Amino acid sequence: MQNKKKSNLWKYCLAIFIVFIHIIPIYMVIGLAFKSPYDHSSRWVLPGYFYLKNIYTALNKSGMLLALKNTILITGLSIILIVVIGAMAAYPISRNKSKLNKWIKGFIMGVMMIPPLSILVPLYSFMADVGGINTYWGIIVALVTFQLPTSIFLYANFISTIPVALEEAAAIDGCGPIQTFFRIIMPQLKPVTASVIIITGVFCWNNYQFALYLLQSPKVKTVTLAIAGFFSADAANMNGAAAAAFIGILPVIVLFLFLQKYFIQGMVDSAVK
Amino acid sequence: MKKLVVTMLIATMAIASAGCSKAPEEPKTETTETTAKKEKQETDVTLEFLYNLNGEAISNEVQAVCEQFTEETGIGVEAIMPGSNFSDIMKTRMASNQLPDVWTTHGWAVARYAEYLEPLNDFGFADHISSSIEEQITDKDGNLYTLPIDMDLTGIIYNVNVLEEAGVNVDDLKTWDDFNEACKKVKSIGKTPIQMGGKDSYTFGNLMDFIAPTFITNEDEANQEALLDGSFDWSKWNVVVDQVASWNAEGYFNKDAVTADFMTGVKALAAEEAAFMFHSASGISEIYVQNPDTEMGFMPLPAREDGLKTSLMTGEHFAIGMSKTTEHPEEAKKFMEFMAREDICAKLATKCGMPSGLDNVESDTGRLEPFYEKYTNNAEILNIPYFDRKYLPSGMWNDLCVTGGTILSGQDNATEEAVTQMKNSYEEKKAQE
Amino acid sequence: MKVQKKAAINLFYIPAIVLFLVFVIYPFLHGIRISFTNWNGYSQTMKFVGIDNYVRLFQDANVRTALVNTLVYGIASTIIQNVLGLAYALFLNTKFKGRSIVRTVIYMPVMIAPLIMGYIMYFLFQYDGGALNDIIMLLGHEPVDLLANSSAAIAIIVMVNSLQFVGVSMVIYLAGLQNVPNMYYEAAMLDGASSWQRFKHITFPLLMPAISSSTILNLIGGLKLFDLVMALTSGGPGFTTHSLSTLVTNQYFSAQSAGYASAIGIFAFLLIMVVSNVVMKFFDKREVDV
Chain A
278 MQNKKKSNLW
288 KYCLAIFIVF
298 IHIIPIYMVI
308 GLAFKSPYDH
318 SSRWVLPGYF
328 YLKNIYTALN
338 KSGMLLALKN
348 TILITGLSII
358 LIVVIGAMAA
368 YPISRNKSKL
378 NKWIKGFIMG
388 VMMIPPLSIL
398 VPLYSFMADV
408 GGINTYWGII
418 VALVTFQLPT
428 SIFLYANFIS
438 TIPVALEEAA
448 AIDGCGPIQT
458 FFRIIMPQLK
468 PVTASVIIIT
478 GVFCWNNYQF
488 ALYLLQSPKV
498 KTVTLAIAGF
508 FSADAANMNG
518 AAAAAFIGIL
528 PVIVLFLFLQ
538 KYFIQGMVDS
548 AVK
Chain B
208 MKKLVVTMLI
218 ATMAIASAGC
228 SKAPEEPKTE
238 TTETTAKKEK
248 QETDVTLEFL
258 YNLNGEAISN
268 EVQAVCEQFT
278 EETGIGVEAI
288 MPGSNFSDIM
298 KTRMASNQLP
308 DVWTTHGWAV
318 ARYAEYLEPL
328 NDFGFADHIS
338 SSIEEQITDK
348 DGNLYTLPID
358 MDLTGIIYNV
368 NVLEEAGVNV
378 DDLKTWDDFN
388 EACKKVKSIG
398 KTPIQMGGKD
408 SYTFGNLMDF
418 IAPTFITNED
428 EANQEALLDG
438 SFDWSKWNVV
448 VDQVASWNAE
458 GYFNKDAVTA
468 DFMTGVKALA
478 AEEAAFMFHS
488 ASGISEIYVQ
498 NPDTEMGFMP
508 LPAREDGLKT
518 SLMTGEHFAI
528 GMSKTTEHPE
538 EAKKFMEFMA
548 REDICAKLAT
558 KCGMPSGLDN
568 VESDTGRLEP
578 FYEKYTNNAE
588 ILNIPYFDRK
598 YLPSGMWNDL
608 CVTGGTILSG
618 QDNATEEAVT
628 QMKNSYEEKK
638 AQE
Chain C
39 MKVQKKAAIN
49 LFYIPAIVLF
59 LVFVIYPFLH
69 GIRISFTNWN
79 GYSQTMKFVG
89 IDNYVRLFQD
99 ANVRTALVNT
109 LVYGIASTII
119 QNVLGLAYAL
129 FLNTKFKGRS
139 IVRTVIYMPV
149 MIAPLIMGYI
159 MYFLFQYDGG
169 ALNDIIMLLG
179 HEPVDLLANS
189 SAAIAIIVMV
199 NSLQFVGVSM
209 VIYLAGLQNV
219 PNMYYEAAML
229 DGASSWQRFK
239 HITFPLLMPA
249 ISSSTILNLI
259 GGLKLFDLVM
269 ALTSGGPGFT
279 THSLSTLVTN
289 QYFSAQSAGY
299 ASAIGIFAFL
309 LIMVVSNVVM
319 KFFDKREVDV
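Residue numbers (this note's numbering), protein chains in the order written: chain A, 278 to 550; chain B, 208 to 640; chain C, 39 to 328.
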């Protein structure tokens, strides 16, 4: 009994230490966000007063509210497309293990390895030609395309673990492939979809490089652009920047807390089988 | 292991229990809140205006002026400030031939943007371009490419109080030897002589770009020509590099010269902890924002030896060009005329705290007025263009920024490497021209 | 009949393939074309220069530095993330109160954009007023300017990247551990195996699929590292902390050598492909079926 308690104490110490290390970035952001710019105390010290001016500045001056709206819209639509197109593409890849499909899988993995920068300018020119600059659909298409490989990778691994029996039964009942996919396969993908949403959603929410070039008009500005604008070269207001970062991080953390129950289960089934 | 964990815990507690900070007193500054007026846009046309002026006060003024334009003409303006990525974005847009209707040309009206800019010679303001900037914004064939709202007059900015305390009189700093002497005095009172912010690599670019002409091109036509025709002997660049290396060896730079950012420098000068900074006068307004009670000034660049003149650089600061291929040429022209109008131009130049680039416009340069009076049209001082814009092929600004960092990074052969990189890059870019 | 059905579902990947072809492959081919020119990145004119850019690439000391850094960022981060991620997972797989809070906190930094993370970490490592120096000075030492030293800066970049994304590995390993059937352990306990023996002979082999997924994902991410480097050091001092990705931007925009930058980009792609394929092959041979 004594021994067990002792071993648990050790665990708690370690747990506190780990939490301390990983909470640092968020701690810094919160400390700075709620501190006056004229407070030159150490960054470890939290403000001993209630100060909301930075949050106010971030919300008003940098158009953070508009940016939040844009980002929610862009991320939301992107996620839907990433989930649907990704799951659809993964289905034949994991069910038809033909030579062609093996090659297709390799090709999709290859897309994952292209550094986005090496195609940025040609992509911009192309988008400009088809009128995709400063539009929601332009950035959504770019985000979806670059997150599809991850989505396909996770879905393909997961679908391989679903028994084929149900589909065969459906086929005997006269279901076409489209019906089979949407009625039989899609409902079973719930846990892995949580993983796909978290992993690709975070990427879409945080994306900087595509947004920087494809969304130049302030009307379509995203959260990361707004935060980076605060941090950029001559900006003096580090506290305002931290406040903007705080506002930008909050929604994804809430989303994560909401989905994390499914998330782990989804990873169990997709990443390790 | 357990001990380690416990120590860590205690350390954490210790930091946490250091307590919370107290609310500081904030200086009362009059914040001019620009109330968003309803745009009275009557036509469907909206011009896209990309600009790259940093600082909240200036940015607000630009937005206000654009709103006024919309009110007066009914033409909408979307004024966009993309921040530090401005020139990358402009390059992408040039590459795709998708330019904004009007944009600021930040020193590159002729060398980079001319291919895409409408010559402005037929505008009324073309006759009023200040003589000290005219050459730099006009090409060989006499085409004027940009409207200079204001112009830079750049040397070294300094904190008056720090130099006073160190017993330095800037008017005595005629050569770099004098300047080094001054640095020594500043160091002896425990302050930083030269403040750098190498994380923002353009501060190194400034440093190299500001001292290079004094060693290479000032009153030396042979070198000027050699640089332009591609025959320059880059072993001469050693002088520039050695000067920086010797400041480094003497400890004249701030300790975090390589990793600090520009704002750290602004704060150091505002707090009267550093003396000099190689930055255009626009940096001074940032410093006054941090500490309105300090006293700042700027001085010409010293000469390499006795008997030669000191120099100040002039160039575009806030200058606007108009796209050759705009879909709304009439509206864009109206916008250019509006920006050049005396009251508007004066308002903008005053906000920037710089003299106007138009000779019929009076700009109120505020606390810097005495300096502009002292140095403008002073026969003792050479008026020179920015070194890289005039003598280096486009794209070499990057090399100035990077080699500055290389010299201070403390790696072996840093100085030789800096010279070699300049030489290679120059030859390669010249070969492309 | 069956064959026809199977072929029919192949149509399902057509939307994805079309997107790839239009928005990745087409621009990528365009990028390959640029890599054979001397284009400056904005002019309407460019000249074909054959393989000059590729020849230059192999002689350029800055590319060599960036190549080494890229491998260090990719491989060191992957190792740290996997070792630490596995350790965290093993730790959190034991029972104690509040472990779900610990798990959440470890995963939280993944939510922060790497660019923003870089800026935040700059607050920590900054010389002037940096949080780390506050501690160092509290202990009575001189403040240090860590980011000015290129080796230290590289180590910091690796560390920040690893600690930010260790949560991904941890979750993958937690998932993997849930898949290890308990009866194996029970049998081993009966045989008197020590905890290390149990780990080595049961846990580790059964975790192979998790190790493989985690390694591939981290490796590709690490080799493409960009935002964090830009925010922490911008590749400086000099060129010493550039990764291939950041060098591409530097050469494309700042140095105005878009042709050369494209060549570096293609080279980076080939490097990532070769390294990850080698690793994938390695794991393919070692995976154990459960």
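Quick caveat, the hints were computed from the structure, so don't treat them as lab data. Since the model is a prediction, treat every value here as computed from it, not as a measurement. For every residue, glycine included, the Cβ atom is placed at its ideal position computed from N, Cα and C. Check before you lean on any hint, since a few could be wrong.
Straight-line distance between alpha carbons at most 27 Å, and here's what the computed DSS-like set of lysine-lysine pairs gives [said to hold, decoys possible]:
no. : chain 1 : residue 1 : chain 2 : residue 2
1   : A       : 376       : C       : 319
2   : A       : 379       : C       : 238
3   : A       : 496       : B       : 398
Simulated coverage check for chain A against chain C, where a stretch passes if three residues somewhere in it have a Cβ under 8 Å from a Cβ of chain C [said to hold, decoys possible]:
no. : segment
4   : 319-326
5   : 340-347
6   : 436-446
May I ask which of the numbered hints given earlier this structure violates, with the numbers listed in increasing order?
Violated: hints 2, 3, 5, 6.
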